[in-house]
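Novice: With the hints as constraints, model all of the structure from the sequences given.
There are 2 protein chains.
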Amino acid sequence: MPPHPLQEILQPKSIAVVGASETSEGGRYLSSLLKLGFKGQIYPVHPKHDIVLGLKCYPGVRDIPDDVDYVIATIPSSLALNLIDDCAVKHVKCIHFYTARFSETGRQDAIELEKEILRRAGKAGIRIIGPNGMGVYYPAWGLSWTPAMSSQPGSIGFLSQSGSVAFEIIESAEVRGMHFSKAVSYGNALDLNESDYLEYLSQDAATRLIIIYIEGVRDGKRFLQILRRTTPKKPVIILKGGRGQSGTRATASHTASLAGSMTVWNTAMAQAGAVSVAHIEQLLDTAAAFYFLPPAYRNHVGVAGAGGGWSVMAADLCEEAGLNVIPLPDAIRQALKKAGNPVWDWVTNPVDFSIAVELGPSFITKMMAENPDFDLNIVFLDPQRNRGALSSDVILNEFPWSDLQKKPLFVVLLDWGKTAAGTDLAGSELYRDLRNKLIGMGIPAYPTVVRAANAAGKMINFYVDQNKNLTD
Amino acid sequence: MPPHPLQEILQPKSIAVVGASETSEGGRYLSSLLKLGFKGQIYPVHPKHDIVLGLKCYPGVRDIPDDVDYVIATIPSSLALNLIDDCAVKHVKCIHFYTARFSETGRQDAIELEKEILRRAGKAGIRIIGPNGMGVYYPAWGLSWTPAMSSQPGSIGFLSQSGSVAFEIIESAEVRGMHFSKAVSYGNALDLNESDYLEYLSQDAATRLIIIYIEGVRDGKRFLQILRRTTPKKPVIILKGGRGQSGTRATASHTASLAGSMTVWNTAMAQAGAVSVAHIEQLLDTAAAFYFLPPAYRNHVGVAGAGGGWSVMAADLCEEAGLNVIPLPDAIRQALKKAGNPVWDWVTNPVDFSIAVELGPSFITKMMAENPDFDLNIVFLDPQRNRGALSSDVILNEFPWSDLQKKPLFVVLLDWGKTAAGTDLAGSELYRDLRNKLIGMGIPAYPTVVRAANAAGKMINFYVDQNKNLTD
Numbered sequence: 000m001p002p003h004p005l006q007e008i009l010q011p012k013s014i015a016v017v018g019a020s021e022t023s024e025g026g027r028y029l030s031s032l033l034k035l036g037f038k039g040q041i042y043p044v045h046p047k048h049d050i051v052l053g054l055k056c057y058p059g060v061r062d063i064p065d066d067v068d069y070v071i072a073t074i075p076s077s078l079a080l081n082l083i084d085d086c087a088v089k090h091v092k093c094i095h096f097y098t099a100r101f102s103e104t105g106r107q108d109a110i111e112l113e114k115e116i117l118r119r120a121g122k123a124g125i126r127i128i129g130p131n132g133m134g135v136y137y138p139a140w141g142l143s144w145t146p147a148m149s150s151q152p153g154s155i156g157f158l159s160q161s162g163s164v165a166f167e168i169i170e171s172a173e174v175r176g177m178h179f180s181k182a183v184s185y186g187n188a189l190d191l192n193e194s195d196y197l198e199y200l201s202q203d204a205a206t207r208l209i210i211i212y213i214e215g216v217r218d219g220k221r222f223l224q225i226l227r228r229t230t231p232k233k234p235v236i237i238l239k240g241g242r243g244q245s246g247t248r249a250t251a252s253h254t255a256s257l258a259g260s261m262t263v264w265n266t267a268m269a270q271a272g273a274v275s276v277a278h279i280e281q282l283l284d285t286a287a288a289f290y291f292l293p294p295a296y297r298n299h300v301g302v303a304g305a306g307g308g309w310s311v312m313a314a315d316l317c318e319e320a321g322l323n324v325i326p327l328p329d330a331i332r333q334a335l336k337k338a339g340n341p342v343w344d345w346v347t348n349p350v351d352f353s354i355a356v357e358l359g360p361s362f363i364t365k366m367m368a369e370n371p372d373f374d375l376n377i378v379f380l381d382p383q384r385n386r387g388a389l390s391s392d393v394i395l396n397e398f399p400w401s402d403l404q405k406k407p408l409f410v411v412l413l414d415w416g417k418t419a420a421g422t423d424l425a426g427s428e429l430y431r432d433l434r435n436k437l438i439g440m441g442i443p444a445y446p447t448v449v450r451a452a453n454a455a456g457k458m459i460n461f462y463v464d465q466n467k468n469l470t471d
Numbered sequence: 000m001p002p003h004p005l006q007e008i009l010q011p012k013s014i015a016v017v018g019a020s021e022t023s024e025g026g027r028y029l030s031s032l033l034k035l036g037f038k039g040q041i042y043p044v045h046p047k048h049d050i051v052l053g054l055k056c057y058p059g060v061r062d063i064p065d066d067v068d069y070v071i072a073t074i075p076s077s078l079a080l081n082l083i084d085d086c087a088v089k090h091v092k093c094i095h096f097y098t099a100r101f102s103e104t105g106r107q108d109a110i111e112l113e114k115e116i117l118r119r120a121g122k123a124g125i126r127i128i129g130p131n132g133m134g135v136y137y138p139a140w141g142l143s144w145t146p147a148m149s150s151q152p153g154s155i156g157f158l159s160q161s162g163s164v165a166f167e168i169i170e171s172a173e174v175r176g177m178h179f180s181k182a183v184s185y186g187n188a189l190d191l192n193e194s195d196y197l198e199y200l201s202q203d204a205a206t207r208l209i210i211i212y213i214e215g216v217r218d219g220k221r222f223l224q225i226l227r228r229t230t231p232k233k234p235v236i237i238l239k240g241g242r243g244q245s246g247t248r249a250t251a252s253h254t255a256s257l258a259g260s261m262t263v264w265n266t267a268m269a270q271a272g273a274v275s276v277a278h279i280e281q282l283l284d285t286a287a288a289f290y291f292l293p294p295a296y297r298n299h300v301g302v303a304g305a306g307g308g309w310s311v312m313a314a315d316l317c318e319e320a321g322l323n324v325i326p327l328p329d330a331i332r333q334a335l336k337k338a339g340n341p342v343w344d345w346v347t348n349p350v351d352f353s354i355a356v357e358l359g360p361s362f363i364t365k366m367m368a369e370n371p372d373f374d375l376n377i378v379f380l381d382p383q384r385n386r387g388a389l390s391s392d393v394i395l396n397e398f399p400w401s402d403l404q405k406k407p408l409f410v411v412l413l414d415w416g417k418t419a420a421g422t423d424l425a426g427s428e429l430y431r432d433l434r435n436k437l438i439g440m441g442i443p444a445y446p447t448v449v450r451a452a453n454a455a456g457k458m459i460n461f462y463v464d465q466n467k468n469l470t471d
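Protein chains in written order, with numbering that gives the first Met the number 0: chain A, 0 to 471; chain B, 0 to 471.
Everything hinted at is true.
Distance ranges between label pairs, derived from CB positions:
id : chain 1 : residue 1 : chain 2 : residue 2 : range
1  : B       : G321      : A       : K436      : 39 to 47 Å
2  : B       : I50       : A       : A277      : 56 to 64 Å
3  : B       : G321      : A       : N265      : 17 to 25 Å
4  : A       : R297      : B       : A204      : 49 to 57 Å
Read the hints as simulated data drawn from the structure, not as lab findings.
Quick reminder that beta carbons are idealized off the backbone N, C-alpha and C, glycines included.
Specialist: Rendered as structure tokens:
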């Protein structure tokens, strides 16, 4: 297969940032290139400056001595058409218009201007990213949106129609130990659209997992076709914005999208094998499951480590998430009996640690890890409960992690709302320390069981369906 | 109406703690009475000590010189029957059995013992709380479960079949600025059961809001009758444990409850006007809405303060939570036009602050607060986004809180997962500071829009239904 056309576009050798004074949005893009170590030529363009951030600045794109591959435009929309003419002279391959206030305003003149941009760029062979989007985050190539973004590459490919949502998702993902191959915030999708980007990520070897925030599609048929071809190779998680009447109204003023019917959408997503989520938290929770964990092709879950009430609720929430909370396998019961455990006949799955306290967390969870009746496990850690004097290492050493990690393992690290309150600083520190050490071991940590159960359910369901389709 | 029989039981003048050595569970109850300043007589009872925590200790209940109102029993189950005989001599009115390992073990001898306890206590006119429960938390009377629990009384009455769930709910609620009138963790509900406690809280003047974690009911007909009478007076939020097959199995080993059919349960709850929630997070979120906010009898919500993508998703999530995200009222549009605002024709509801930035948060939210088309408002604060240099006061001073608080106001205080990660300490501090100041103003803060929207939807739905029934 020949390389996808976007591969060349997204690996420019030279970039001009148009509208780059030191304090402007253009300056922010310039700093980002410098900070993330973009290796090609960088040309600031601004009519009023000679030097910007230590680089020679040009009054216009035409004044740049060489050809330019890629342009980041942060200028007002009224200057867009002239810019395209200038870029045509310099054989620019792609312009990312950060510039906004086009069709999303709903105003006729802005809509007409957008059309003319597309026409004129097309004539010059220039592709457009945006307008009204943050553009490309590609840490391994030195491209990002702010200097604060991580330079560490990872395996998530991310498409977002919204810039602010993209920021939040990327930063929140980084906090949870997940990193990105490429992300595109593509806004109004005037030229290059969701289908082009998805096709590219689908073929991109560095991308193992694709996540999408989308408000509306430009070409539904093509998008579904590509989606269907992608999901057997890598999971695709989709968060749809504009599901209801008011959300649809809001998408129009945000990215000029037509949101369409949700019934049709949901059916199409299910048939294409995509994982649908309802909000950012769920998107991140589900992404963490796919990012860190091996697949499992059956839904028998073992749950251990909580007290009685939490065990009851964990069972409910796992079941409601589509998991099968099987009874404790007889082999484990018999092993408990043989070990002389006094509650062997009483313990069930979920294993209630308030009654199974004699067992110690290690003994029972090791058996759960090894027993083939369980396909995945959920383990509770409660750092704030009678643990004041314990260090994170003491707590962690109670569990046989390397055994447990042979199957998908979800840890519920109960928070009790305290980390946000900061009323118990030692408790907060312990919580963070545990959380970061778990992430370091490649174990996703969830603050509540409902979030762990939902992520587990969505992941298992994906693999079960995938397996079914492959063996059909 | 004569005072409810539980009123006298829960306001004992003297308490004996049976099994109270300094390091035991009994000692913990003793410390709690001392710490929370219980004003009556306290009698530690333990065969091996003369003094416990500075108080004279008695070898048995019979050795206490006076009569005793209330006994907290932490002794093994094998000693329970003898204790009842001793308590009968001292005219004890109620024994709280913290003691566990009765019918919840599923073992015949334990089930028989429980029955005999009930029979013998009944004969002696002694009421039983528990067994297998934490008992009574009544901060205004000096009763609690651990010395760490807050002595500050509030207006939530709380029933919990589970002790560990009760702990988590109480501590998490305190962190969010909510306090309790009374809480009872009643475990196996051998004698006094959920109906008795609910009836008492229903009549209790200090209780404005009732929250319940329940696994199974002893007498469904009576419970529903009392529930129906309660909800017109005060909201009742119910979290049901044991909803599915595996959860039902787990309730049996936890509190020996029969969970029953969820279809029947859900219909009954809806008919009785109770607010059903699915997990602890949702229980606390919903409780915070009722605890802090005035009622509203229509569901027209105004949303402001987020960027474009968040505005789209806020609209979806509000709608999915049963709220009506109406278009921006024309009066507000015209006022914007009159003020010379360049985006007056483009702004909608949710108000996207990335396009309405010229307005300033104060101008638009004040109009939303004052416009009668909106019944409630949701306002976003994003402390981690381009706010590095701002203090919480600067951020808070941008909004007209006293105007906004005339209607139910939900604040979404976006977290980006950072408070738990501790990677951005200044950001975490700012977050906490904002959150605690909002709580201080009586404004509930939610870390995500889905949680705010769900809490708002459940609250408004309750008041709309209540209003409908009252005017029928």
